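Sequences listed follow chains A and B, in order. Residues in the first sequence are numbered consecutively from 1, following full-length UniProt numbering. Residues in the second sequence are numbered consecutively from 1, following full-length UniProt numbering.
If you are wondering where the hints come from, they were derived from the structure by calculation, not from laboratory data. Treat the hints with care, since some could be wrong.
Unchecked claim - Which stretches of chain A does chain B cover? Using the computed rule of at least three CB atoms under 8 Å from a CB of chain B, they are: (1) 26–39; (2) 136–148; (3) 274–283; (4) 331–340.
Computed from a predicted model, the values in this text were never measured in an experiment. Glycine residues also receive a C-beta, built at the ideal position from the N, C-alpha and C atoms.
Protein chains: 2
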Amino acid sequence: MAHREIGVAVLGLGNVGSEVVRILRSASADFEARVGAPLVLRGVAVRSLGPDRGVPEDLLTTDAQGLVERDDVDIVVEVIGGIEPVRTLILTALQSGKSVVTANKALLADYTGELASAAKNADVDLYFEAAVAGAIPVVRPLMQSLAGDRVDRVVGIVNGTTNYILSAMDATGADYADSLADARSLGYAEADPTADVEGYDAAAKAAILASLAFHTRVTAADVYREGISAITAADLASARAVGCTVKLLAMCERVPGRPDVADGEDWVSARVYPALVPLTHPLANVDGAFNAVVVEAEAAGRLMFYGQGAGGGPTASSVLGDLVSAARNKVHGGKGPDESTYAGLRIGPMGDTPTRYHVFMEVTDRVGVLSAVAAEFSKHDVSISVVRQEDTEVGASLVVVTHMALESALRDTVAALENLEYVNAVTSVLRMEGTGE
Amino acid sequence: MAHREIGVAVLGLGNVGSEVVRILRSASADFEARVGAPLVLRGVAVRSLGPDRGVPEDLLTTDAQGLVERDDVDIVVEVIGGIEPVRTLILTALQSGKSVVTANKALLADYTGELASAAKNADVDLYFEAAVAGAIPVVRPLMQSLAGDRVDRVVGIVNGTTNYILSAMDATGADYADSLADARSLGYAEADPTADVEGYDAAAKAAILASLAFHTRVTAADVYREGISAITAADLASARAVGCTVKLLAMCERVPGRPDVADGEDWVSARVYPALVPLTHPLANVDGAFNAVVVEAEAAGRLMFYGQGAGGGPTASSVLGDLVSAARNKVHGGKGPDESTYAGLRIGPMGDTPTRYHVFMEVTDRVGVLSAVAAEFSKHDVSISVVRQEDTEVGASLVVVTHMALESALRDTVAALENLEYVNAVTSVLRMEGTGE
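Can you make the complete structure from the sequences, with help from the hints?
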């Protein structure tokens with residue numbers, strides 16, 4: 001316990017920052033015992049000064065750059081979010097020998113390479129457990145617990161806003177707009193919900209998860225992305241009729257190379273879209289603002305991690321766990337694992353990705369429709385798993401669930417269906433989780 | 001990549017050892033890339049030599065002590081199990097500067113203090129993720145991810161054999177003996193199933209989990225323990241009637257100190273017993289040989305970790321993750337977290353533990369029975385939540401589910417019930433998970 005103090009700077013005093021500071025100050029004896037040295041808060045960078053921030057005023061500063069550069073700061077905790085000025089602040093911190101703990105998924109999804117290099121060059125830590133799935137340990141399990149295994153697949157519900165909206169649509173039969181309004185009024189959706197509902201937030205997390213899982217650098221731009229704003233009450237009802245619900249999934253897969261294709265190597269598919277999830281699947285029961293991540297690895301089999309994916313307390317828990325790790329390394333020597341990109345797998349296009357489709361169409365109710373539709377699937381080498389036909393006021397609806405096929409073949413099939421004489425409209429096309437085997 | 005080789009010795013070549021050796025040899029390029037140096041298998045200690053062990057014969061040895069002492073061994077992986085000679089081998093390894101990775105819950109539950117001291121004195125690592133819940137990362141999340149939080153409670157299904165038996169009893173209505181025989185024939189139960197069905201295995205894991213969660217040394221002897229061999233088909237049916245199933249739970253709780261009691265400090269309750277689990281609880285759906293651990297922490301809220309709790313592959317996955325951590329530390333410096341027992345909380349007796357009871361009794365079907373029974377609960381300050389009365393061939397059965405009360409008060413109530421004139425027998429007493437609020 002004779003070790004010098006470890007100085008901590010916190011950047012940002014929003015929901016997460018406030019909780020980080022509160023816990024750090026109220027449990028200081030525990031932190032000292034767990035780290036082996038006292039953690040001392042040197043300052044908190046805020047946008048504007050003011051009283052009643054729950055922090056002694058002499059700790060507050062608007063000069064984040066100055067705080068980061070202080071000689072008595074050993075670790076910088078960044079919970080501001082966004083790209084600039086945060087990227088510059090973190091690089092400054094790393095380059096001046098300070099370890100960094102961040103919850104910033106948008107920054108990591110695009111700049112992990114740059115930040116990780118800076119950390120490595122300075123022999124300091126860059127920890128970011130809180131960037132994916134809030135309180136749920138996912139980053140550390142992928143980087144450390146599964147470091148001796150081969151991860152094949154990571155599938156997660158990693159955005160609480162969209163999960164709240166889809167859970168509400170499923171439970172109440174409400175449409176998207178009403179459920180979004182409801183989520184907004186309860187504080188689960190922001191005034192501009194684009195980053196959440198269009199899948200950008202989930203795509204950033206998918207990029208981080210895929211990078212860790214496959215030892216390959218994957219950025220947000222590599223992730224195929226569709227949001228939930230086009231999901232209708234009819235989609236949920238149709239999903240329910242085939243024993244499914246709809247979830248926005250972040251999916252990261254190692255796709256086996258095909259012997260008939262040029263390099264034949266395994267490649268990475270990273271994608272975010274709303275998908276039908278069978279009610280028997282562990283992710284189907286993850287409701288509301290909760291998150292869950294399923295990891296499938298060769299030796300471990302299927303693992304699931306479940307918990308609160310957002311909020312001040314849960315995110316602060318992850319941030320503070322990382323802070324303790326970084327501080328222990330400052331006290332006892334050593335550092336956390338570096339970025340691992342040695343596998344350098346190719347990131348493949350969505351068209352080459354094997355998946356399943358759930359196609360909902362309105363058809364004219366007459367003999368021969370089903371066989372014509374089935375023929376189009378067959379022509380494109382797409383095998384059908386389930387067909388469900390129902391009379392409607394204006395004709396009939398036809399739902400086709402396929403077996404696994406290439407996304408490109410499924411797209412071509414749908415395009416062809418739209419030209420069939422008795423198919424009036426392909427109302428919705430959703431993918432479905434699971435191999436169906 | 002210019003680092004010298006890291007020498008690895010494996011002790012034991014059963015289900016787990018074979019998988020560890022197979023993966024280590026088949027994925028050596030991945031291990032080298034992830035560690036920053038080649039991992040080289042120096043030898044495998046077995047009880048008796050023989051061909052067809054899946055390992056080159058020149059790597060096999062019956063001299064475990066000699067293998068552990070070799071100068072070119074940096075890390076020892078122990079997957080033999082049991083106390084001796086393993087305890088001596090691990091102490092020898094640690095004292096001679098080798099890091100140790102073990103899956104040995106029985107050893108750790110009793111000797112963590114001795115082993116952790118030896119590791120600390122020699123400045124080497126002692127990792128044991130595989131000792132609890134097989135492939136599921138639980139040890140690392142508790143020691144690292146939640147190191148900045150306050151854990152209040154850990155509840156887990158950590159024994160696959162008993163979970164298989166109880167799942168089968170629930171699904172088929174079969175009795176305990178038949179379900180045990182079935183588990184044996186499928187390889188889920190050993191010829192002598194005592195360690196599993198009487199809760200000793202789960203108690204060892206509860207000791208490890210409680211130690212990590214509460215920064216307090218807890219050994220197997222500190223864990224209150226009941227097994228499942230007295231559970232009947234009638235218990236499962238009765239549980240179902242109140243919306244529950246029965247699971248063998250390992251429970252570790254920080255119980256808040258009472259202001260009216262002498263020291264008033266929080267204390268630790270660690271216990272293993274079969275309990276009613278409401279079907280709405282996330283642990284209720286963990287079936288068969290799967291394990292799951294729920295952690296409740298102040299800031300993080302409720303987390304759940306789910307996966308395969310046993311078997312060669314899943315256990316090897318955890319062992320190899322630890323091996324990579326230990327090897328990275330050998331290459332890059334630093335070490336994993338030491339044992340943390342600074343909190344030194346008192347471990348309280350079962351009688352002081354707050355819990356809920358589900359009491360099943362046979363009564364004479366006449367006016368006044370219910371009021372007499374209710375009066376006994378009231379007399380002992382135990383509040384009743386649900387009463388269910390049913391006519392049977394010989395009279396009537398009465399089930400009482402209580403609210404939270406002290407275990408000692410519940411015991412006294414049951415003793416008093418047995419002396420009531422119209423209560424013919426108290427057939428079964430089970431605890432119930434959840435606060436009921």
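Going down the list of hints, with the structure as the test:
1. 26–39: That given contact holds, which follows from 5 residues of the region 26–39 of chain A lying within Cβ reach (below 8 Å) of chain B.
2. 136–148: holds (count 9)
3. 274–283: Since 1 is below three, the answer is violated.
4. 331–340: Three-residue rule met by the region 331–340 of chain A, so holds; n is 6.
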